[in-house]
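**Student:** Fit the two chains together into the complex; they arrive one by one in their own frames, and the hints show the way.
Just so you know, the sequences run in chain order A and B.
Per the working numbering: the first sequence = residues 1120 to 1234.
Per the working numbering: the second sequence = residues 6 to 159.
In silico negatives: residues of chain A with every beta carbon more than 12 Å from chain B:
#1 1125
#2 1148
#3 1199
Pulled a few chain B residues facing chain A out of the computed Cβ check, cut under 7 Å:
#4 32
#5 33
#6 65
Just so you know, the hints here were simulated from the structure itself, not pulled from any lab data.
Where is the CB? At the ideal position from N, CA and C, for every residue including glycine.
Okay, here's what each chain looks like letter by letter:
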Amino acid sequence: LGRVREPTYYVQFASPEEIDRAEVRPSRSWHTIARVSDRMLADEMARLTETSYMRATTTPTFVGRAISRSALKREGGWHHAEWELGIGTFRDYGEALRERGQRNLSSSPGAPVVQ
Amino acid sequence: MSSSLTRALDDAGIEYELLSHTHTETAAGEAAALGLSPSEVAKTLVLTTPAGNLRAVLAASDRLDLRKVRDVLGSGKHVELAREEDMARDYPEFELGAVPPLGGSRRDPVLIDRRLAERDSLVLEAGSHEQSIRLQTADLVRMTSAQVADIGKD
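For reference, chain B alone in the conformation it holds in the complex (with noise of 0.2 Å):
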């Protein structure tokens, strides 16, 4: 479990619920080892826009769609998912290809997915292949500051 993330959490005075299960390495497994549905798994992309990092928060049973981040944004074209090596060098407290919504040192702004902020609450698999977080949605939006948008692929 990435310190980082519960540690923002903690920090914060946000409830969060530690899940254990078998090892995973896709939404679906995770999904399937906790009894739960896809759609309550969330995932993070890292976007690079021209003011800086960005992260998409979505359903893993969802795919983003960059024409409308780019929309929210009024970015134009220059909305791109971040690189390997751009993360591996933002997010050193993080695992490649783990970046949470929420923790490390940077303060990226935060978008998250109409329909995943619709629920009452969300798991996040943060770092950890064999752990999960449950948190209330509002509490990460409140703690993002997060704008909800429509950023899912109809």
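Isolated chain A (complex conformation) (with noise of 0.2 Å):
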């Protein structure tokens, strides 16, 4: 039998301006913030990427995602993805969302906390 891998998730944030700056390499433009394997906390990530959560400076138009691992080596962003997550630029943030993520799921289960 062959070994089941677990499916990893890649929480990224962008601000719009990045996006459509990014005409030639849209995937440069995600910042990347954790590589995570349930899929709920994933979610629970990308969405407080776009609150003020952990930000000093509070302009909230951010957009966070999830994205497969399958699904952004399709983009051809899986590359820059791991090499921003090895610099570790947003290891703390990333930290931070990720147990502030698990909070809010464990306080209520199927309910997202909403800003």
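**Tutor:** Laid out in structure tokens, this is it:
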């Protein structure tokens, strides 16, 4: 029997301006903050990137998403995402959102907390 | 660093400390770069109300509860986060999304969250991703004539 591989989701955020500017390599406009195997947690973290939580500059116009590894590879952004995770620019932000996301999910199962 | 902010502090004789750090774009990163808790880093949200703009200040690790703000102001449902175009028009001195609690040409009323106000000092990222300001919370409250209230989500 083959080993069942857990799905992996990449939590990312971007500003609409970055997405608009990135005509050639749209996948480069997304900043990757975490790699997560729990889809609900990934979605909750992506939602939190769109709030002012853990941001000091707070124009709340970021967009977030949780994208599977396979979809990210198809999009051509997987290597960049792994590189960004390795550099660790948003490591602390990702960890803070992971903790908050887990708290949100455990405090209200099935009911996402709305900002 | 926003000269408008530091000039306002200098003019008022407020002591503050400039903290340089590596480039960060989030409060979590800023706190880590400075070796601080994220709860010490403050953010400012600009709100539109029937009486004009208002600056709400709370820890970056907290989230604003608009319902509580409406209760404090007694403004019904007419309190909202300011839109980007409003901020670009009203705060040309500051980078978009980086409006500090004080400074600039406007004298907006200020609401400070109770949990943040309980701290002796706080750190503001004020117009730069490489420098922060630490000042006494009491000085900020006094200088802005801020109202302290519970405005963060529980």
